[in-house]
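Colleague: Sequence:
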Amino acid sequence: MDLRKRSRTSAVEVEEKEREFKRITSSCNETKGSESVEEELLKDQREKEELEQHLRERESARTRKLTEPKASRTRSNAEDIQTLRKVSRHEYLKKREEKKLQELRDGIEDEQYLFDGVKLSEAEYHDLRHKKAIYDVLSKKKGLEGANNEYKMPEAYDDQRGVNQEKRFSVAMQRYSDPNAEKEEVWEEHQIRKATLKFGSKDKRQVCDDYQFVFEDQIDFIKAAVMDGDKFDYEEELALEKSKAKSSVLEALHEERKKLPIYPFRDEFLKAVHDHQVLVIVGETGSGKTTQIPQYLHEAGYTKNGRMIACTQPRRVAAMSVAARVSQEMGVKLGHEVGYSIRFEDCTSEKTVLKYMTDGMLLREFLAQPELESYSVVMVDEAHERTLSTDILFGLVKDVARARPDLKLLISSATLDAEKFSNYFDCAPIFKIPGRRYPVEIHFTKAPEADYLDAAIVTTLQIHATQPPGDILVFLTGQEEIETTEEILKQRMRGLGTKIAELIICPIYANLPTELQAKIFEPTPEGARKVILATNIAETSLTIDGIKYVIDPGFSKMKCYNPRTGMESLLVTPISKASAMQRAGRSGRTGPGKCFRLYTAYSFQNDLDDNTPPEIQRTNLANVVLTLKCLGIEDLINFEFMDPPPIDAIKKALELLYALSALNVGGKLTKVGRRMAEFPLDPMLSKMIVASEKYKCSDEVISIAAMLSVGNSIFYRPKDKQVHADNARMNFHTGNIGDHIAHLKVYNSWKENNYSTQWCYENYIQVRSMKHARDIRDQLAGLLERVEIELTSNSNDFDAIKKSITSGYFPHSARLQKNGTYRMVKHQQTVHIHPSSGLAEILPRCVLYHELVLTSKEYMRQVTEIKPQWLLEIAPHFYDLKDVENSSSNKMPRGHGLA
DNA sequence: GAGCACTGC
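So the first sequence is numbered by the UniProt record's numbering: it starts at 1 and just counts up by one.
Check before you lean on any hint, since a few could be wrong.
[What the hints assert, rightly or not] Pairs of lysine-lysine, DSSO-like flavour, derived with a Cα cap of 30 angstroms:
1. 432 to 258
2. 557 to 651
3. 771 to 559
4. 719 to 519
5. 333 to 259
6. 559 to 651
7. 771 to 696
8. 694 to 826
9. 721 to 490
10. 671 to 694
11. 351 to 259
12. 420 to 559
13. 557 to 719
14. 271 to 398
15. 745 to 857
16. 745 to 719
[What the hints assert, rightly or not] Each pair of labels, with its calculated beta carbon distance range:
17. 671 to 373: 22 to 28 angstroms
18. 518 to 450: 32 to 38 angstroms
19. 827 to 369: 38 to 44 angstroms
20. 541 to 648: 26 to 32 angstroms
21. 541 to 792: 37 to 43 angstroms
22. 258 to 321: 19 to 25 angstroms
Read the hints as simulated data drawn from the structure, not as lab findings. Ideal Cβ positions, reconstructed from N, Cα and C, are used throughout, including at glycine.
Use the sequences and the hints to build the structure in full.
Modeller: Structure (structure tokens):
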């Protein structure tokens, strides 16, 4: 097939598309509001004036700031800045409030407070008066408590004033129980408002104002507010709930469909799809785009030609649950007209017209049908998440669209990236759908926090003591952090005794056994409060109802890849602004929420990147390159990536594939390479399997491959039973067989025990991981048949198994040095055996490792001893005699290491 | 004698 670049869209076409795009967006606006063109223009003019005023004020603020020292992470500096800045901040606010009040008094609110058709209500007017009153109180207070006028972490309070824990909480408790503490409440409310950014159309004006004050650059946020705005009536929602109870299920579903924000745009949407081949859809969560769009297209006849509509999701559960929902709405059985396709599970049939699938699955389908003949529409949903698969799909799908004018392409995203997507797809029009979201108040700290963990704990307790009921979600970086936080929180809650309501602490991270994970979904008992300590898993992957408060320390662990050394590392890094918004949004899913960020507004604006770099730029590309080669794409450097990965990473991947003999000297796919591409695994693992044919041990090798690809979550190691867990693990390592064979033993023992769950508990092994390994193994066994490799067992010949491993992993070899550390054979890199390895204390002379991770040192994980001469035997093109001789001439005391 | 964010095929 031909996937080479076809001629680019001509300038005329682009121009026409742009015109169309404007028409579509404006027609959407027309249905939303009934303003005439003149009004629209007037509004624009007004907005422009406001913007200019903002810019002027910002400029003056900036010149003032230039004389101030830059904020740093140390407290003493921060305090200085605090005093310096407070004056200007306070002055500004006061001036602004006064201005607003003046305007109100002048009676020009009718004109002045019109924004997007929303007039300032009476309540808002009173709100402003209320604020003024607070100001009066505050300005009197100021002389006494000047230092306390800002939102500040109680910890800082401690440092300054020497107020101890009990004292603070006794104050908090007083307030908690005393409804008359109005002034305090009022003051706090005011503090909250000051640093608040709200979502929702009614608050649009406020968004601009507040934002303009807190941040340096407001452009992003004005857009966010525009994207959001829809009049969303809670009561309407309640009425809907009631009506649902009355009428029949199907009727209710139909009613519900009509209530979705996308419903009024149905016809325009269908027209846009009809007129354009590629369409970028922007819609917030809850707009109904994922469930409705494929149905609309189906109703409009896009499936009449016997072709399907595909909708891709980044996650398996999403694909499954959305498909289930849609089949319900359409009144058909799941798997018939509506189906889903995910790894290990193909729930589709001959009848299927709407197919929900994971993005990786569609990528696999490309291998079978490079022009996607069986689809009439492809919708890439959640495109803003930029997973590895979506990024590759973009390039492929863009190319297929050129070859197949009848194929419709929908790219759906929830963020401000829409224009980027549009530009990438030759200025495709953008179709906006309003979302449905509750307002979220965002709070920043006044001063930078040195210890975010402690700050998170203190904030949790503070919320618990002072805020109305509602669960708390805390974002932490990893398992260890979650465990320590849990301990400290429990300890502090014990210290508080029965004076305070119960706090239920629920940790959640991916490696947590499923039965413990279920705890977070249990409803919170009356009078208690739940605090969920989560990793990034709660950012996108799972939604927890009832969250009202989010605490965001602003960090997460991110995988980075160094193409030069080929080393992956997990580093704690500051999150991006997009990520921070996502986290904040988790508090506003079932009602208005609050988000407490443990960093300053200044660092949000200046230290955080706009977006997290897409995965494709920070990962090992070996698999990607193999897939693309298999699709016939020869020129990878010029492949149309939306964000091209580093050239070094592509080169490294090509080199590796060449070394594994998946590619020939000309860079063309070899027969081995084609076989390898059939396996949904890393090329080194695939090579190991393909090579097992030669050593007649494919049965064992696919077990090892399955175990290795489920990763490091096989052994469960709870903090309080570490010794037991370690002992259980070492049972599999008897005879210094190496970690690969130990994995095989684990798998085989589990199998011999009839895949028993009990056996897993006894051996501190995670059942979920083992089941996953079994699924992968079954799939691999099926694929062996496909590439015509016989399933042969050779369980007693460890050397044969190790040689198969060597065939895939020979570039990952290291040998022992005199000082007891290892050095990679082909690099000057010093490495160590990870302490969790069974060989950590054995120190064999020459080893292969599965992966290299950088934590406190460069550690090799999953290590197996090999004979140096195997390297020459198996990879003569990669190693020469010198490499191997070096290792044997390395003067080691006899009898040490290699037995 | 250290320490594994999250997906997906």
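Colleague: So, for every hint listed, does it hold in this structure?
Modeller: Hint by hint, here is what the structure shows:
1. 432 to 258: holds, 18 angstroms
2. 557 to 651: Judged against 30 angstroms, a Cα distance of about 26 angstroms means the pair holds.
3. 771 to 559: holds, 26 angstroms
4. 719 to 519: holds, 19 angstroms
5. 333 to 259: holds, 24 angstroms
6. 559 to 651: holds, 20 angstroms
7. 771 to 696: With Cα atoms ~26 angstroms apart, residue 771 and residue 696 stay inside 30 angstroms; holds.
8. 694 to 826: holds, 26 angstroms
9. 721 to 490: Status holds; Cα separation ~19 angstroms.
10. 671 to 694: Roughly 15 angstroms between the alpha carbons, so the hint for residue 671 and residue 694 holds.
11. 351 to 259: holds, 29 angstroms
12. 420 to 559: holds, 24 angstroms
13. 557 to 719: holds, 21 angstroms
14. 271 to 398: holds, 21 angstroms
15. 745 to 857: Given that 30 angstroms is the threshold and the Cα spacing comes to 29 angstroms, the pair holds.
16. 745 to 719: Within the cut-off at roughly 25 angstroms; holds.
17. 671 to 373: 22 to 28 angstroms: holds, 26 angstroms
18. 518 to 450: 32 to 38 angstroms: Roughly 36 angstroms apart at Cβ, these two residues keep to the hinted range, so it holds.
19. 827 to 369: 38 to 44 angstroms: holds, 41 angstroms
20. 541 to 648: 26 to 32 angstroms: holds, 31 angstroms
21. 541 to 792: 37 to 43 angstroms: holds, 39 angstroms
22. 258 to 321: 19 to 25 angstroms: holds, 22 angstroms
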